[in-house]
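S.K.: One-letter residues, chain by chain:
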Amino acid sequence: MHVSRTRSERASRAEATTGGAAIALDRVRVAVDGAVLLRDVSLELSAPRTAVIGANGSGKSTFARLLNGLRPITSGRIRVQGLDPRRDCAELRRRVGFVFTNPEAQILMPTPAEDLALSLRDLPRHVRAEQVRTLLELYGLAEQGDVPVSALSGGQRQLLAIAAVLATGPALVVADEPTTLLDLRNSRRIGDLLLSLESPLVLVTHDLELAARCDEVVLFENGTVRSAGDPASVIDEYRRSCA
Amino acid sequence: MHVSRTRSERASRAEATTGGAAIALDRVRVAVDGAVLLRDVSLELSAPRTAVIGANGSGKSTFARLLNGLRPITSGRIRVQGLDPRRDCAELRRRVGFVFTNPEAQILMPTPAEDLALSLRDLPRHVRAEQVRTLLELYGLAEQGDVPVSALSGGQRQLLAIAAVLATGPALVVADEPTTLLDLRNSRRIGDLLLSLESPLVLVTHDLELAARCDEVVLFENGTVRSAGDPASVIDEYRRSCA
Amino acid sequence: MSEPTRPLGADLARVAVFAALIVVLGTVTIPLPSGVPVTAQTLGVMLAGLVLGARRAPLSVLVVLALAAVGLPVLAGGRGGLGAFMGPTAGYMAGWIVGSVVVGVIAHHRTFTWWRAALGAFAGGIVVVYLFGIPVQAFVTGVPLGPTALSSVVFLPGDLLKAAAATTLAVALRRAYPRAFPGRARESYAI
Amino acid sequence: MISLYRPGTGVLHRMPAGVKLAALATCALALSLVPLGVAGTAATLIAASALHPLSGLPLATLLEAWWRLRWLVVVLGGALWLFTSPAQAMTSTGRVVTLLLLASVVTATTRTGAILDVLTRALAPLRRLGVDPGPVALTVSLTIAMVPVVAGFADQVRDAQRARGARLGPRAALPLLVLTMRHADDVGDAIVARGIAR
Ligand SMILES: Nc1ncnc2c1ncn2[C@@H]1O[C@H](COP(=O)(O)OP(=O)(O)OP(=O)(O)O)[C@@H](O)[C@H]1O
Ligand SMILES: Nc1ncnc2c1ncn2[C@@H]1O[C@H](COP(=O)(O)OP(=O)(O)OP(=O)(O)O)[C@@H](O)[C@H]1O
Ligand SMILES: O=C(O)CCCC[C@@H]1SC[C@@H]2NC(=O)N[C@@H]21
Ligand SMILES: [Mg+2]
Ligand SMILES: [Mg+2]
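Residue numbers (numbering that gives the first Met the number 0), protein chains in the order written: chain A, 0 to 242; chain B, 0 to 242; chain C, 0 to 190; chain D, 0 to 197.
Because the hints were derived from the structure by calculation, they are not lab data. Values in this document were obtained by computation on a predicted structure and should not be read as measured data. Each statement offered as a hint is correct.
With the Cβ distance kept under 10 Å, some of the chain D side facing chain A (calculated, not the full set): (1) Phe152; (2) Gln155; (3) Gln160; (4) Arg161; (5) Leu167; (6) Arg170; (7) Leu175; (8) Arg181.
Estimated spans, in silico, between C-beta atoms of each pair: (9) B/Arg238 <-> D/Leu125: 55 to 65 Å; (10) A/Pro71 <-> B/Ala141: 31 to 41 Å; (11) D/Arg166 <-> A/Thr133: 19 to 29 Å.
The C-beta atom is built at its ideal place from N, Cα and C for all residues, glycine as well.
Same shape as in the complex, but just chain A:
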């Protein structure tokens, strides 16, 4: 299916990646209006695929948002692929592709074709139309190119959101619970797609089976990292902490 095609397709397009997420946090603290969302987070991520797990409100989304400067840090130090989100914000946003839980917030145009064209706006017009069609086919949306986005199924919407992000060839993909609204088949499809990417991936998820397929897992608890490392043992720790 298209998942494997994606891998090879992207392999040919992708720039040489740094061989991992290349994320470093040093005593990072994030506070908003007096509430402490993250405290004392120190972490080095270099695996190609990292899963982030933890209870509701433990700080996973806050952490993910740090990675492209959507949320500023209050104190500490953070580097993403060598860039400082505070200083090199624009460059970082170009490099980091972000997939949200609710694709509807992320689809900016009335139809899938237009939305993909938006991602490719730097290309010349005729190449763009061509490329949009290729992408629609690649993600199995060829027939939905011109329908209203509200007529897409949940799975199709999430596919479109991911396609729009990958279309720009990001050097790092961050996804915040991208399979939450999907059924078994669609969440597998999206999960397979994300895990087969060439670019490194940081994946926030409540789906522990999906997390287990990553190379490294980080467990958040109460705004800080409780543990990080080998998937099986960290996931086991999380399960035990919930029991």
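Position chains B, C and D with the ligands relative to chain A; hints supplied.
M.R.: Same frame as chain A, now just chains B, C and D with the ligands:
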């Protein structure tokens, strides 16, 4: 915890239930604007707790909405606890409690206390205030009674939505993916709560572990019932169909 | 396929959710010395007319004004309270009610087209609002009508932009989420 | 963000909402009719501020109220100072600030539900015009519940656009509208399912 209390509490309040969902569909078809959402669905449900599973877009939500007349049928025949949704719509809505995926859409008032009061609007004013306080305590929301709903966590919001539905003493509870937006701990809590209800339950879910704990499982595919019956075998069939 | 008449609940929800949208747009604002701010709420008023139509749009506006009247901070810049209805902006707020009706009537007359939408947003969202707003502002501040009207010219560029934005948005919404609009049967309103 | 009610047991908390609203309206009318000098304005300002601690509200509520009014004071006061006179600036700005402070006390000591009950009662005469006040009250409180939800949508959409680095101009609000209208449909279903409306 409060879950067991709920069971006994409800046992004392509940009217004699019919001993099951008492739902019968006969060659039901639902079409909107030319699109066929359900076709040729014939089904009898009498188990106390029925799970409905199936892929995105297979018709689960459409089916759930038939049960309280939110969605009208195009042809066929449907009876819910002996009532015809077309004719006895108002009575059916009184009897059937509906829990939605997204509690934000279901909580209609600014604070938990006001939302519960809305459910109990038929009671005289002073009894109502008393009853609201009892319910808040029962669901562990005593301290959140007057805070804005936006300050509640996802789990607390879903608890409130369920409390508001159960407050009216429904003779049948229909829940459409009530645990989808929750983490492990919260979805367990809500799942336990729903499965421990006195009133019969129809539970649409993607969580197969939860479905396995019901008495009967119905599998939808492509707008019709693919199979129905013993949880273990139907779930197994679904897993195989997704592989 | 004849869909049953749209239930009252759906109308209620649309009116309320649009009123909430107008409130949220009130956070985008530029206070001006005259006491009448530039506010994105007029964009919300135009959109209400274009999307909800002539019957429900004024209800959304009325709900916002009712919330303001009972003292909630729902007007531009978090203002609210009965005081707001005694200030220089009172006429503009009355103009919103009538204006949103006019927007809806013009935009949904026969079939919805982009130029009808643009005309509606301009006539209802700008002309009508100013017709109500400027005289009241002159009365409250004690400044003669001429100079008050002249001073309101500062709103015009912004309001023209908002009318253009409202039109673009409504046309895009019609393609992205056609169900958001009143059904065919309801496109002409008897008011 | 919108419910400004602070639970408490002070005198004002126990006073019926209708009385408070009527008093507020009377004060507003009196302040706009009776010309007060600089000293009088200062006195009303102090009185309105003192009402906060007197009704058992924490000092923070008063400071918040003043902080919310900072731009009004600076812009309106500054402009009037420049264009008219310092005394005029003081009295006009002071009158508006006094009113808003009074409104903030009423809002902080009155449950929104109680205010809405008053509104419903005030609307009761509309029944003779064929308007049912029940749905009106429901719509009003529903709006209050929806404000933080829609504000949340606006945040989500802003984040998503920043993340995609897109500069869209007016189109930027399209996803916000789509999310909002879909939410309206979901809420409509819930209203019907809960048996609150047809
Ligand atoms: N703007 C804000 N102001 C104050 N508190 C906030 C803000 N945003 C988030 N929080 C709080 O910060 C904490 C961490 O939130 P975050 O969204 O990172 O959690 P999460 O791990 O992603 O949870 P979930 O699994 O529910 O998505 C939560 O307790 C949340 O209520
Ligand atoms: N108003 C409508 N007009 C046309 N098609 C619709 C409408 N509502 C739903 N559909 C379509 O009907 C099919 C069944 O939808 P339904 O919501 O019942 O699926 P579901 O099993 O609940 O899926 P999910 O797991 O995503 O919630 C879908 O293909 C959907 O796109
Ligand atoms: O918030 C209020 O009290 C009402 C503000 C009215 C502002 C008017 S509406 C027409 C004109 N266009 C603007 O942007 N502001 C003014
Ligand atoms: Mg999160
Ligand atoms: Mg569904």
